[in-house]
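A.B. asks: Each chain, written out:
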Amino acid sequence: MRSVALKGLIARPVRTILTTLAIVLGVAMVSGALTLTDTMRGGADGLTKAAYDGTDAVVAGKTAFAVDSTDYTTKRPTVDASLLERVRSVPQVAAAVGDINDEAKIIARDGKPAGDGPYFGVGFDSREKAAAATTPFRLDEGRWATGRGEVVIDASTSEKEDYGVGSTVKIAAHGAAEDFKVVGVARFGTVKSLGVATAAVFDLRTAQELFGKQGRYDSILAVGKDGTPGAEVRKAVAARVGSDAAVMTAKEQDRFTLDGLKMFISIITIVLIVFGFVAILVGAFTIFNTLSITVAQRSREFGLLRMVGAARRQVLGSVLVEALTIGVLASLIGLAAGFGIAKGLDAVFTSMQIDLPEAGMVFATRTVVVAMAVGVLVTLAAGLLPAWRATRVPPVAALRDAAPGSEKVRLPARFVRLLASVIGRVAERVGGSAGRLARRNAMRSPGRTAVTASAMMIGVALVTLVTVVAQGLRDSTTGALERRVDATHVITGADGWSPTDVAVAKDLASTPGVQGVTGLRMDGAQAFGDKEIVNSVDPKTVGGLFTFDWADGDDAVLTHMGAGDAIVDEGWAKEQKLGVGDRFSITSPKGTELGLTVRGIEESPVIDAFALGPITISQQAFEKAFDSRLNTLTFVKADAGADLSKVFAAHPDAMAQTKAEYKDQTTGDIDSLLAIFYVLLALAVIVSLFGIVNTLVLSTFERTRELGMLRAVGMSRRQVRRMVRHESIITALIGAGLGIATGLALAYAVTSAFADEGLSFAVPAGSLIALVVVATVAGVLAAILPARRASRLDPLKALAYE
Amino acid sequence: MLDIAPALVKAPAVAATAVTRRYGDGESAVDALRGVTLEVPAGQFTAVMGPSGSGKSTLMHLLAGLDTPSSGTVEIGGEDITTMSDKQLTKLRRKHIGFVFQQFNLLPTLTAEENILLPLSIAGRKPEKGDLEALIARVGLEDRRRHRPSEMSGGQQQRVAIARALISSPTVLFADEPTGNLDSASGGEILALLREAVELDGQTTLMVTHDPRAAATADRVVFIADGRIVADLVEPTEADVLAAVKEAYVR
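Residue numbers (the working numbering), protein chains in the order written: chain A, 1 to 802; chain B, 1 to 251.
Bound conformation, chain B alone (with noise of 0.2 Å):
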């Protein structure tokens, strides 16, 4: 039903319409979101920025499946998903969403390697042949592969947190604020890899940030504030982010 082949599609990777979100009811409601409409096209890498509180999170939360929107749609790769079952809900994950946190959430009984595999392994595949070498080279831990994330730094954990979203080559990639937990060293690795992901996969990328460095990587910066859209730039620069950042967060 979702075996969709990305490059076929005319239709965008991810689609919100007319998405609200709220919290509660009656006086004590909240609303998190107030009617975000929002395309990702496939092989675009989209960050999100707001401040504290502006409903991005939420609205990752809707766009990834994790969360019903009180009105609106979402869709993947054309599939309206907010009707979906636990069932269906869980086969779009196997094959059209990855996933990285902030704080990398590996499995510490887990070796990296057992970790990159998790997902083929939950979903009973295995990987093609020399992918997962590929894969393990790419985010440069051939020599990490049997240590266990007690043994790794935070950047090494979060490369692996990475190779372990890309293994299923999803429809898209979230990644919730990637680079929040690390150095600013290992902070940048972690977005060159995201970069090359989109660069040489063509993977559909939406990661959402607090930093303008990391959102000046995406091909797109989506602004949110009070649970709207109030800024949309294409391909800027860091400069042009810390702008609208301004303006954002002043208002």
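The shape of chain A in the complex, shown without the other chains (with noise of 0.2 Å):
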């Protein structure tokens, strides 16, 4: 009975491959993007232990709350020198070395900053025998910087801008941009560089000079006694400095932020298993539909296996024998294509520089386990209601003449009979006789039509919600921009968002033709026992250059904002339960305290233009609590006729950009965070495509007779590949109209859930226009090979066919 299953799928190789296909795509989405992430972070762990394993205890400033290394808005405060005597004079201490570590841009050729951040600027004491312990890097060539002047960088920055030992390089620390002669060259590690990150290495000295840090250090390094637990060299640093700084592995500190890597990784991971599971949910339509139309046609089948002594659990066990083997099949070819896809992913990343070190492809049991599991439950979830259905088949259906279509039509089914009426009309008038049987046939089975649409639906309506929701997310932010920003230029890092020093917001003050200049700066603080956002202001300057969106106060609360002085959001307002005139407090990292009252309260939009936190305060306060001396955003109000260039040419890490650029930059965001929902939303398309394929393939099968007929009455081959490609189209128009339908439905829902945080809906006229164009060349693909299969059918051998 089993193999009555097994051979039924052998004997239709066509079918069994369509049918595959439609899971492969999916599974290999799953197990591509648990390999490619197990691979990734496989190359981390490597990293993190080339960073951080040659480090018993890390001291460091204290703070007054938990912080990680992946808020970048928080800076842990500095220790003084002094400690580090004090450390070294720890029993369970072989050496301790102070350490720096800030940020440095190297500048490329072309005068930007060269790569895309974090730019690590490092102090390293080459003297201290601890620092080699301690330290990520290793010489490649050259040597270690010992003086002023001089710097070791990443080898791949020295790589692709061709900065050799000996050239001289522009190096931007705090302040202007300064000359420093490359000394030697090193790694990070194994690997080149840390992905798109560059490495500056100081002399120690040079760099405390360099970031203003005289005295201090960033942490302390210890390297524990031979033979000594790193747990116990730590208890013994932490009695020694007592309550002066914290004492942390180096993984808790974790100065290089592979944190960050890692939940980059896993934010990888989450969105191609996501779309997986689209791919795999259409797959499950392909399957569903299959074997539905193959156990209709084969109800002659059946009836026979009943007659013959079948019970009814018989051909439901055979039914689900299809299925599973179906669904073992696409999960084991899908787990193999998973693994190309992960390689070539990963090449992906490669060229884009992201280098991670050669750990090897990990391929865990875990992404066999969950691949397998993933597309043989589905694919046998699918076959269920097929399979139920065959069971009703009665034993005297072997008498009958197979004749399928005659199957109850619901409701849904219906409508889509309507729709494929409707559309129809255009094939009708477009493919004459062909087009007439076309618009016949995708109405003659509604439940066929409906589910192959359906398929197509799910990706439909995904792209159309993604598109309304992105166009609303884009309208508010440019239309958040145009209120609050009255400046003419917008001041950022060169990359386009990283903070800039204090000193280029005081150059352009000082430049002729600038009307006003103001800075916003941001870092964590706690209140009300978690860790928030805190901005500042300068009362003085913010004045006519940025302001907020009012839920409660107006632009004086703003300018008037004393040291007690705050601005929080509605959202968060509301959370804590706090109106204006109420008091609230914050904590900085380093500990101080500020009581603050509330005087405005701006209305928060789903997603901030300026990526603001919801406390702010003025500056007054802010240098008082926080260390951090950088601007987040400047903005400037300059004459049509200012000069900004000679500022720039001092600071070549910051960039100035017009409003207008900086509203595209903002809106180009959200476009290319589209751009990547777009490419993976095409797979669930294609997916969808393979069951209209499917389809049409099992109704021309279907159909045999009749189209044997119609061609000795006299039908062309062509007019037969025309009937078979409008119904194609029919029915991946009725998909992308259901899918469009589904998609505005659920971004209103969105979108109006959204509305007071100012997300409006509007349709995307164009865009829409765009998907019924894909939708119907999508019909067209489909149908070419069904439309062949069915115009070579020889009459004679159609007609004799049973």
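Any given hint might turn out to be false.
[To be verified] Partial chain B-side listing against chain A, Cβ under 7 Å, derived:
(1) Leu66
(2) Arg93
(3) Asn105
I should point out that these hints are in silico values taken from the structure, not numbers from a laboratory. Cβ atoms here follow ideal geometry from the backbone N, Cα and C, with glycine treated the same way.
Using the supplied hints, reconstruct the complex from the two chains, each of which is provided in its own coordinate frame.
C.D. replies: Rendered as structure tokens:
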């Protein structure tokens, strides 16, 4: 009995392959995602080992609350240099060294900073033996920097920018860029660099001066005596430094933000897996449809099986075995293909210079289990209903002519029949009698057309949803920028997002033709027990340049802000039950507590165009509590003729964009996010194409006799092809139409839920028309193979077929 | 429950008592059978004849348990099958019923031998040693056992179908127009095979046919018209059958 099911699959290879492909793609996505990210994580773990394993204890500034390396807005305070001697005097410590880890941008040959960050600026005391043990940097050539004017740079930047040993490079630490002589080239562990990061390694004293940390260290790295466990070293050091500083492992401190890398990897995993599941879901529709059709077609066969004594259970089993086989086969192929996808994506990342250490592909058991389980279970689930239907075939069906199409037509199918009828009118107009038949064919088993179209519908609905919501985000972002910024220029780091030193703002303010300059700063603080981002504005300069969308308050609040005043965003205020006049307090990482009174409440947008935190205080209060001396954003109002270029010649790591350029950049970020979604959703649409191909092939097969008759009464091959093609397009358009409608409805629900936050609902007509065109093309493509099969039928054979 | 050795049973292999079958209801109702009583003794080869729409196919469906009568009872091997559940009917088919179709109805993906063994494999049984060989030899398919239906002539396919029906030694073999799709030479071979099964194994057989020549090979011919039995001939010649056909079809 089981062999009956398997032989059926082998005897119909085309159908089996088409059905299988739908699931293969989904499983490949899932297993590819897992393999790729396991591999990347393996690489990241290798880096972590290389970077931190040599250090037993890290002494760093105490923070009032837990700070981890991934929130870049929160800066850990420095420690006093005198602490180093105390650490060295601990008996369990073999050696200890002071460390500086700040930001320094190496200026590339085009005058802009090299890499995309982070831009590590490191102080390294090569005279200390502990330094070599605790640093991840390994000299490739040259020597370590020993004095002012010398630097060691990472191998990746050295290679890309052709900065060899002996060349001179400009590096922007805090303040204006300075010239340095490259005396050495180093790797990070085994890799040339950390992804798109750059590294400039200075002499320790030089670094202290460059970053304004004379007499201080960012941390002290200690190596324990041989045989002393790390925990013991940390305990002893902690006892010695007491309450002056915090003691932790290097991994906890994570000064090279490797946790950020891991977070990035997790995000990739999630995105790829989500789309894998969308593909599998669409694939499930294809499986469901295929099995439904084949069950209907084989009703005579099932009748016969029942006639010769098969029990219902056996019929159920035989269809499920078929589904199971497809599931296992597809999952196995998908697993293999996923390995290929992982390799391909890895190559893409490498070409984007996101270089991870060669750890070899990690093909975890978990990947195999998850991919197989998902593929097999989904296929089986999709096969349940068709299998149950097969059990309802009475034995007497063996005596009847197979007559599928007499199934009951349920309500959704009736609706689809109506749609097919309407869309088919066009086919009738265009395709003559072939078009008329195509319309009838699309209408005659509306249930089948409906399921085929639903596969397409899912993909199109998701595309529509994403497009509409993205359009809303774009509109609300542009709107916010228009309303809130009254500056001519916006200054950021040359990469478009990183903060700039306050010196840039100062230099701009003294440039002729500049009417006003104001800076926004950010840092992390603790409020109501949670970490929150705190922004600062300068009440003296902010007026007329930058403002908020007020929920409660006006611009005067902003320009009259005192050291104890705060503006909070509406969502956060609601959460903390704060109103104007209420008091609360925040604690900065170094432990300064600020008592604040709410003076104004700003509206909270869905996506803040400026990525600000919920609490805004005055610059005066900010400087008291926080160490950060960087402006996240700087707004400038300048006369049309003002020449700002001189300032940026001195600060090549900073960049000025006009307001319009800044707007384009911000919406451009949304667009590139959108592009990723589109690529992945395209996959779902491709899977649904297989569904259409499959249904058409099966229908053609079922209508062999009919096709033969049509050919016998004079239909040309061309007309046959046209008939199949039109049916395909009708189905695709039904899918697209339903998908767009569903997507719009979903998008309307989403946007109206966030209407208060400024998210608007707009129908992107252009994109929707493009979708309909894509669907039509998809329909044409899907019809190629089935149409050819149908047109090649020999009329005589077709009539003899049964 | 249905484990009955046919030879020990006095009851007929198949019996229908006062069977009626009405399709639809109200004014559009059609009475396909209007009270048919028929006994087929074990070992007898019975042919059922009648014009189109006479109810002969309905009668066969009822006798084979494929349909349920509106009133009356049908017994196979002494057991009332009209009240059986789907499970019981499945068991009944495995042990007691063999079926040969006009359209052969072989599974296109299986070879001749696999098709023949299908009922046994469905029931999870293995053929008795030698049984399969003997059966294949009897239907003359020794050199065709690995062929698929598409590689065989109609006559050969129908021979496979007969072997498939006989492999489980059913209490009764139903044949629905077994020669309807065949040329006369192949049809003759098929009739000879059916006759042989009756002679050698005492195989109870009930055949529905249009063909007087086919009917003449049976031990008994029952004529149906308008849902009733109108004639019942024992060991008729072809001429007897033709005369009865004339009479039945004229009415």
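A.B. asks: Does each hint hold? Answer for all of them.
C.D. replies: Each hint, compared with the structure:
A least Cβ separation of about 4 Å between Leu66 (chain B) and chain A falls short of the 7 Å threshold, and the interface hint therefore holds. Annotation: Arg93 (chain B) was flagged as interfacial toward chain A, and the flag holds, the nearest CB pair being 4 Å apart, inside 7 Å. Because the closest C-beta pair between Asn105 (chain B) and chain A is about 5 Å apart, less than 7 Å, the hint holds.
Against the hints set out earlier in the document, no violation occurs for any number.
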